[in-house]
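Engineer: Given chain C, put chains D, Y and B in place with the hints provided.
Protein chains in written order, with my numbering: chain C, 1096 to 1417; chain D, 1096 to 1417; chain Y, 1096 to 1417; chain B, 1096 to 1417.
Wrong hints could be hidden among the right ones.
Given that identical chains are not distinguished, each listed pair holds provided it fits within a single copy or across any two copies.
[Unchecked claim] As a list, the in silico DMTMM-like pairs of lysine to aspartate or glutamate whose alpha-carbon atoms are at most 20 angstroms apart:
#1 Lys1172 x Glu1310
#2 Lys1157 x Asp1396
#3 Lys1154 x Asp1406
#4 Lys1413 x Asp1144
#5 Lys1345 x Glu1326
Think of the hints as simulated: they come from the structure by calculation, not from any bench.
Protein chains: 4
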Amino acid sequence: MKTIEHIAIFTSGGDSPGMNAALYGIVKKAEQSGIRLSGIRKGYEGLIDGDLVPLDAHKLQKMVHRGGTLLKTARSKRFLTLEGRQRALENLQKNEVDALIAIGGDGTFKGLLAFSEICDLPFLGIPGTIDNDLAGTDFTLGFDSAVNTAIENIDKIRDTAEAHNRIFLIEVMGRDCGYIAIHSGLGTGADAILIPESAHDFIQLLEKAGSYDREEAFIVIVSEGDELGAEVAAKKIKEINPDVDLRITKLGHVQRGGNASAFDRMLGIRLGAAAVEALLRGRKNVMAGILNNELSLTPFDRVVKEHQVNDELQGLLKIFGN
Amino acid sequence: MKTIEHIAIFTSGGDSPGMNAALYGIVKKAEQSGIRLSGIRKGYEGLIDGDLVPLDAHKLQKMVHRGGTLLKTARSKRFLTLEGRQRALENLQKNEVDALIAIGGDGTFKGLLAFSEICDLPFLGIPGTIDNDLAGTDFTLGFDSAVNTAIENIDKIRDTAEAHNRIFLIEVMGRDCGYIAIHSGLGTGADAILIPESAHDFIQLLEKAGSYDREEAFIVIVSEGDELGAEVAAKKIKEINPDVDLRITKLGHVQRGGNASAFDRMLGIRLGAAAVEALLRGRKNVMAGILNNELSLTPFDRVVKEHQVNDELQGLLKIFGN
Amino acid sequence: MKTIEHIAIFTSGGDSPGMNAALYGIVKKAEQSGIRLSGIRKGYEGLIDGDLVPLDAHKLQKMVHRGGTLLKTARSKRFLTLEGRQRALENLQKNEVDALIAIGGDGTFKGLLAFSEICDLPFLGIPGTIDNDLAGTDFTLGFDSAVNTAIENIDKIRDTAEAHNRIFLIEVMGRDCGYIAIHSGLGTGADAILIPESAHDFIQLLEKAGSYDREEAFIVIVSEGDELGAEVAAKKIKEINPDVDLRITKLGHVQRGGNASAFDRMLGIRLGAAAVEALLRGRKNVMAGILNNELSLTPFDRVVKEHQVNDELQGLLKIFGN
Amino acid sequence: MKTIEHIAIFTSGGDSPGMNAALYGIVKKAEQSGIRLSGIRKGYEGLIDGDLVPLDAHKLQKMVHRGGTLLKTARSKRFLTLEGRQRALENLQKNEVDALIAIGGDGTFKGLLAFSEICDLPFLGIPGTIDNDLAGTDFTLGFDSAVNTAIENIDKIRDTAEAHNRIFLIEVMGRDCGYIAIHSGLGTGADAILIPESAHDFIQLLEKAGSYDREEAFIVIVSEGDELGAEVAAKKIKEINPDVDLRITKLGHVQRGGNASAFDRMLGIRLGAAAVEALLRGRKNVMAGILNNELSLTPFDRVVKEHQVNDELQGLLKIFGN
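So here's chain C without its partners, still in its complex pose (with noise of 0.2 angstroms):
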């Protein structure tokens, strides 16, 4: 195996708070290792496009906390065709690029596994993705950021909710998993957290909301990829019981953004440093996470799964609002 003295590192995907904290972790771990640093710029756009950039670790030092990501991302159509990989190949011979990391969410390491069939580089992945949906690590990069904004707004909402003694229907962000609806239906104290993967009796929710008790608000967490949606069971409920007041809520892209939490800032810089030492260690094609709160590798094929809420989670979901 060649010795690897120059890294190239892209965030790719959607972004997510704790992606500057993860290149922060890189440049540190490379500058005591005597390792050479690229950046690449807007994903798989910039690796076909050449656009690499040297890493400042002082300027990185002082934007450590902050959300996005200092080098751009973007998703990419020509990657997904041979071509576009094959220029992506060249750019990075020409620039003599050992390895590669890549911090990004599961498309991002399909990506890296159809590249990995014209290129023999050593890729190491870092799970970069508020939805918290990959195998191979307990948590995603900005998943806990994500949340801490979703309650301090659900906190918000709460305060005008109590006022008016009103129905609030709020969606978070999650994709096809509810991590982000039940993490923060659980710690606002909603009164029903709706998620894709329970098949929750809705019938019992329209009830217990189209007949609630009138002097309290009534908070329902709706993830966005559950299969009803805040709109219907809004519609729902309002047959149910056409007097109650009742308003829907969709938190948005404000999830993505914002200073990284503590927790993200640490688990970006313990996977930042974990992927270099492990490139250094001679591994490639694998993904660095935190299983059981110690560091993991995980091969890329096997963290594109489907992330199951847990047994805890769904007796936790019955105990508290289902």
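Structural biologist: Showing chains D, Y and B alone in chain C's frame:
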């Protein structure tokens, strides 16, 4: 004039951060003056139903910062009827109330004007609405908090917008008044601000957005009362340039809740104390407000007017985003 | 074993964000299981004084996010005496309490161990302390919130430190444990982190700080338990370079309060529900914790041990600031 | 008068949130007016050293919210000497600067007064200090942000104070001016507020604190400029009642940093634009401020005066805590 020994207070209409601070200002000033206080729950509804409760100064001292309102609030159809107002009058007489303080917006003060036809008790108003759409005060209670909530969320969205070089259309509250949009748009470095009061050169915005430099985010703040609205604006931009990466986010009811800002806590306390003092000095049927940084009292029929965006703000809009 | 029909709960020692979430987890799980609950006010003091109150699930649902503790807390000298413990026992018997849940730190669990000599009721513990200094759990309740409060404040200080190219020594809490310092130091890109567990090469720090590049801030995070402390460190830096522009800030008790973070809310709910369940399954004299992301139960005499900074963190410290 | 084609700007003295917003206001207004701008780094130090840099409108647009100052700041002993001021003059001449805008506090404006003796360029000032201790403006830039930071931290401390029924003495900034203390004390429901401007009946406070109802927290806000100070106050309370559970916390430099509040962002933009406009209209040696919610210009020699706590605030202090 009868000596005032017992004042009843209620909050009405949409809630806004700072209402509890105003209640705190009222109870402390009343305590100092030896006045008995009652709270009326749920606005005019509680007035009609005789839902009076004692007000606890200690409890309010500990919730001076909190959004919502201890007394709850509601909109009341029954108070629009003479019968409703007569029942309200009976309750005030039965409870030997000598004066009434109402915290709310234009609907609240219109209600007081109607009520004054059959009830000659002195009424005092406090402007509680996030929209800043009342004459007679430079700032309504809750406006500053709502703008702070808006800018904190827009700052978060900027992170993710910059990561993707994305166009974001962000809708903020304000009903027919563009104040929240102007303040939150200027304060977040938005590229354009669309408000109801200003005929904006939309073509220019479209061209700016449709052909914008892909190396940066492009943030448009849209007031909910704007003639165009976020969806139509998005559609028009897409017509000019179908390839733009564009998202819409509506901040929604989070703007109504959350802890009051420092400004609104102080404003609430000042207006609350001033309202009690004005009643004790014999004033009636006026709203306490802050004009030119000084306490002022304005008759109800003059506060329910249009609040125009002044020349200075219009000038800033031209420089910063329109 | 007697069937458990009535559980009493108290919070003890220093308060920490997440205690109310744990109470919420307890009441909801007990509600589901048909168990009667009583809250004991002010920790062991209330146990001695028989200060038992009913616990209201609705009230806790609305304050699941709030710092502090609904049940109040205290340190108790009287419980250190046999007489105090005997009065506590009498109160439990008089109130027909079948089991006891205590939320607190090592002092709390030592108290339970002493109490178990005269009282054979089953005891269950929940780790509530911001210091993360207990064995038997990867995270104590309140630690994540305290670190989030610390980093938000350190982020603010960085602004002003950068504006002046200033050295800042910032003291954070943690007693004899450097966890808060490590997490908040790494998460804010600090230039150095001083903790009790690690013999730091102070000369190196002094030279780094005393001769630092005047075009940037220089941030040192000092754990309150560090052998040196912020004042001495400052003095030594000044000896090397009397002209440095240096400030000391101690974050202080803000780290104990504030709304719980998302992580602590979830942790509190999980541990609260788990504690009730463990009691119902016949477990006693153990603390519920999270080890390797799974619920675990550890006997009291093993939680009161030193919690060492693990190898991974020691390695990170070497890279990032020591 | 020479036409103004080139304006130089610097920030000086203690930094405050909103300074970047003011810079943003200046660059946008100058852009509209076709004026060339230069930034001077590190206040008067950079003026003496000729450290001029171009100002980037795009960069400022993205950091309009951020605390600190893009241009850095410093205190300068050299500018107190005639030699220093002469070198500053030479740099302005060499760079063909036609006018100067300074953002800072009273020390900054005294510097401009001294400088005007040898330099007849027009100077314009913007009040940037968290202390709100200048005449000529109702609010200085950074004051509202500092109060918001203070109240958020005091709210957190209240959580833990309530949990223990503790007395807390919390010191806030403000130099010789009690504004931050008054606003943050009233806004957090403090039990007492100690400020330099008001001879407080300390005995009364001591009795109140020393014998306070143990079922609640007792919060005292102490201005850093108060004659007594937190330590002495604590000592005196302990003399009356040695058993009180009492803590002191000094909020410190966090009050200087953090993102600017909505109010300060708007204030900065307004004052920045107004400063450029005033220069273009031929005004000189005045500070732009907000008096009675309107832009106003006040000669330097009149802003450097004592800013008294007005009668309304004195009245509130009597009601709410003294």
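Engineer: Checking an output row: Lys1172 and Glu1310, CA cutoff 20 angstroms. Within, between, both or neither?
Structural biologist: For Lys1172 and Glu1310, the Cα distance is within 20 angstroms only across copies (19 angstroms; inside one copy 52 angstroms).
Engineer: Checking an output row: Lys1345 and Glu1326, CA cutoff 20 angstroms. Within, between, both or neither?
Structural biologist: Result: close both inside a copy and across copies, 10 angstroms intra and 15 angstroms inter.
Engineer: Checking Lys1413 and Asp1144: alpha-carbon separation at most 20 angstroms within a copy, between copies, both or neither?
Structural biologist: neither (51 angstroms within a copy, 37 angstroms between copies)
Engineer: At most 20 angstroms between C-alpha atoms: does Lys1157 with Asp1396 qualify within a copy, between copies, both, or neither?
Structural biologist: For Lys1157 and Asp1396, neither the intra-copy (35 angstroms) nor the inter-copy (39 angstroms) Cα distance is at most 20 angstroms.
Engineer: At most 20 angstroms between C-alpha atoms: does Lys1154 with Asp1406 qualify within a copy, between copies, both, or neither?
Structural biologist: So Lys1154 and Asp1406 fail the 20 angstroms test inside a copy (43 angstroms) and across (28 angstroms) alike.
Violation of the numbered hints given earlier is confined to hints 2, 3, 4; the remaining hints are satisfied by the structure.
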